[in-house]
Amino acid sequence: MYRYDDFDQTFVAERAQQFRGQVARRLSGDLTEEQFKPLRLQNGLYLQLHAYMLRVAIPYGVLNSLQLRQLAMIARKWDRGYGHFTTRQNIQFNWTKLDDAPDILDALAAVDMHAIQTSGNCIRNVTADPYAGVAIDEIEDPRVWAEVLRQWSTIHPEFTFLPRKFKIAISGAAEDRAAVLFHDIGLKIVKGAKGTTGFRVYVGGGQGRTPYVAQEIAAFVPRDEILSYIEAVMRVYNLHGRRDNIYKARIKILVNALGIDKFRSQVEAEWSKLDKAAINLPAAERERIAAHFMPKPLKPRALKDPEVEALRKSDAAFDRWLRTNVLPHRTPGYAIVNISFKEPGKVPGDATAEQMEAVADLAEQFGHDEIRVTYQQNLVLPTVAFADLDKVYSALVVARLATANTELITDIIACPGLDYCNLANARSIGIAQEIARRFADQEKSEAIGPLRLNISGCINACGHHHAGNIGILGVDKKGTEHYQITLGGSPKDDAAIGDIIGPSFTAEDVPGAVETIVATYLRLRRDAAETFVTAYRRIGKAPFREALYGAANPHRRASTEGEPSNV
Amino acid sequence: MPSVVTANHLRSGAVVYLARDGRWVEALDCADAVETPSELKALEALAHAAVERNEVTAVYAFDVRLDDGHPNPVSVRERIRAARSPSI
Numbered sequence: 022m023y024r025y026d027d028f029d030q031t032f033v034a035e036r037a038q039q040f041r042g043q044v045a046r047r048l049s050g051d052l053t054e055e056q057f058k059p060l061r062l063q064n065g066l067y068l069q070l071h072a073y074m075l076r077v078a079i080p081y082g083v084l085n086s087l088q089l090r091q092l093a094m095i096a097r098k099w100d101r102g103y104g105h106f107t108t109r110q111n112i113q114f115n116w117t118k119l120d121d122a123p124d125i126l127d128a129l130a131a132v133d134m135h136a137i138q139t140s141g142n143c144i145r146n147v148t149a150d151p152y153a154g155v156a157i158d159e160i161e162d163p164r165v166w167a168e169v170l171r172q173w174s175t176i177h178p179e180f181t182f183l184p185r186k187f188k189i190a191i192s193g194a195a196e197d198r199a200a201v202l203f204h205d206i207g208l209k210i211v212k213g214a215k216g217t218t219g220f221r222v223y224v225g226g227g228q229g230r231t232p233y234v235a236q237e238i239a240a241f242v243p244r245d246e247i248l249s250y251i252e253a254v255m256r257v258y259n260l261h262g263r264r265d266n267i268y269k270a271r272i273k274i275l276v277n278a279l280g281i282d283k284f285r286s287q288v289e290a291e292w293s294k295l296d297k298a299a300i301n302l303p304a305a306e307r308e309r310i311a312a313h314f315m316p317k318p319l320k321p322r323a324l325k326d327p328e329v330e331a332l333r334k335s336d337a338a339f340d341r342w343l344r345t346n347v348l349p350h351r352t353p354g355y356a357i358v359n360i361s362f363k364e365p366g367k368v369p370g371d372a373t374a375e376q377m378e379a380v381a382d383l384a385e386q387f388g389h390d391e392i393r394v395t396y397q398q399n400l401v402l403p404t405v406a407f408a409d410l411d412k413v414y415s416a417l418v419v420a421r422l423a424t425a426n427t428e429l430i431t432d433i434i435a436c437p438g439l440d441y442c443n444l445a446n447a448r449s450i451g452i453a454q455e456i457a458r459r460f461a462d463q464e465k466s467e468a469i470g471p472l473r474l475n476i477s478g479c480i481n482a483c484g485h486h487h488a489g490n491i492g493i494l495g496v497d498k499k500g501t502e503h504y505q506i507t508l509g510g511s512p513k514d515d516a517a518i519g520d521i522i523g524p525s526f527t528a529e530d531v532p533g534a535v536e537t538i539v540a541t542y543l544r545l546r547r548d549a550a551e552t553f554v555t556a557y558r559r560i561g562k563a564p565f566r567e568a569l570y571g572a573a574n575p576h577r578r579a580s581t582e583g584e585p586s587n588v
Numbered sequence: 656m657p658s659v660v661t662a663n664h665l666r667s668g669a670v671v672y673l674a675r676d677g678r679w680v681e682a683l684d685c686a687d688a689v690e691t692p693s694e695l696k697a698l699e700a701l702a703h704a705a706v707e708r709n710e711v712t713a714v715y716a717f718d719v720r721l722d723d724g725h726p727n728p729v730s731v732r733e734r735i736r737a738a739r740s741p742s743i
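Those sequence lines, one after another, are chains S and B.
Counted the way the working numbering counts, the first sequence spans residues 22 to 588.
Counted the way the working numbering counts, the second sequence spans residues 656 to 743.
Keep in mind that the hints were calculated from the coordinates and are not lab data.
Incomplete in silico selection of chain S near chain B, CB under 10 Å:
#  : residue
1  : E54
2  : K58
3  : L68
4  : L70
5  : H71
6  : M74
7  : N115
8  : L439
9  : Y441
10 : Q454
11 : T501
Built from N, CA and C at the ideal position, the CB exists for glycine as well.
Take these sequences, add in the hints, and give me the full structure.
This is the structure in structure tokens:
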């Protein structure tokens with residue numbers, strides 16, 4: 022992974038020191054809240070429902086064990102013993118005090134971490150494929166470019182006060198595991214002519230109040246020209262993005278107002294005027310950064326291990342976990358291990374200090390000191406020898422992190438919702454817990470097959486409900502929490518925004534509605550190989566609507582579709 | 656409908672409520688619910704003075720029902736805040 026040099030370390034330490042001074046001035050009254058708020062937000066500190074929340078950046082979701090242990094220490098010393106992994110591969114601490122924030126930033130800086138650009142109208146933490154560097158379908162490691170973009174965008178003076186926040190995701194593999202098409206800029210590394218690599222660039226994707234799947238703006242930008250190309254996109258957005266209306270300020274609104282062709286021609290005109298040589302990354306600097314991500318020299322090992330095979334035969338739960346949570350690694354004899362933070366009944370994405378330490382121990386002992394955070398709010402050990410899988414599993418069982426549900430219905434993405442968040446209209450966590458309990462039988466959830474179920478507590482869509490195969494959106498209906506269900510969304514290469522299926526449900530009725538939807542799918546799917554989203558696209562809304570609302574008068578019920586979230 | 660004035664403690668971020676004597680209390684039960692616009696105005700004046708003194712931030716009033724004299728928030732949001740913990 023990338024290691025800070027003296028410049029990076031000095032910058033982060035000085036930034037923490039600067040924030041210490043700003044906090045002192047706020048507490049003494051030299052700064053008003055109005056003056057202080059943008060400063061604290063630039064350091065990831067929000068005021069939420071119960072307390073200050075500190076959002077810590079985890080660049081492209083990459084951590085080592087030292088950093089994860091430090092996060093555990095922070096959780097224990099300055100929070101209530103836990104943190105929450107977010108849908109942007111970051112971690113949030115929900116119970117911090119303003120008094121303690123400077124000390125926390127110092128503790129982060131000590132392990133090359135910070136909370137910069139986790140808030141505000143700037144380029145946020147760049148996200149990437151959590152299997153980067155180890156996936157069998159990888160073309161090129163996206164972490165190199167995520168790190169380049171991190172360095173380029175950090176306090177970039179031109180892009181610190183954009184019309185609105187700006188999110189970039191990168192995938193370097195055949196399969197999109199970074200929800201690239203739901204980002205302001207999505208980058209897919211692709212092969213070009215004569216063995217070159219470059220980027221297919223997408224723009225204008227996003228969720229929130231007005232969801233859009235990103236559109237292709239460039240089929241191929243040579244990799245060494247990507248910085249100037251992105252700078253051209255940012256400049257067009259910075260100039261023409263709307264600053265008069267927060268709901269229309271994201272780049273997706275601009276792209277769709279102009280149309281992709283007009284937006285593209287404006288970007289190309291801007292690109293042609295830029296001093297590309299001054300912006301693009303020199304090859305030597307790319308190589309310096311890439312050297313941090315060179316594959317580990319792994320010796321291929323046996324594809325099967327007698328002890329693992331024996332346990333597999335004697336322990337059905339281990340066998341299931343291998344099937345659902347463990348994936349092939351590009352080096353024979355190794356595996357990618359998904360660690361589920363979605364035990365039914367628990368809060369999706371919440372990790373206790375002890376659990377963080379347990380994962381840090383495993384990474385150190387069996388995982389080459391590498392940990393990844395996924396946007397599905399789980400962790401990954403990207404490189405584990407096949408022969409160590411039984412030992413890793415046993416330790417995960419003890420830490421209550423061995424639920425076999427990766428990509429299954431109980432692997433629910435859920436935002437903090439009204440239990441923590443100042444913006445939420447409804448609770449997400451309780452709904453996620455109850456749905457997960459209903460599908461807690463792992464044999465049953467495995468039989469259902471891959472199914473993304475995502476829950477957001479408000480239209481801002483931090484819980485990615487638009488991209489869920491089943492999406493649930495909390496709305497406030499005359500003072501009570503209601504939940505609107507969407508079907509057919511997908512965050513992957515077949516990216517789609519879910520369709521609203523009908524009138525909303527009360528909190529009590531949502532889990533039953535999900536059971537009805539799943540039962541309808543199981544009844545109508547061609548066979549077990551036809552996934553939920555494939556079946557939905559084949560059979561459409563009608564059978565689900567009928568199962569949920571009855572056939573008596575579906576047209577009357579349909580008239581309330583699309584109800585705004587504030588009714 | 657009666658209202659209570661709330662804020663977050665500046666240093667800790669903790670949810671606090673205003674009593675008629677200007678004290679900020681952590682238990683909603685110890686806050687004062689007021690029923691008339693002039694009473695609310697008086698509480699808000701106290702609250703804004705506390706903002707000026709850098710004791711609290713994010714001041715606002717919210718609706719409550721009085722059950723045997725005890726204020727109970729009308730909205731789910733304020734019930735969760737008053738519980739001082741998530742509802743899970």
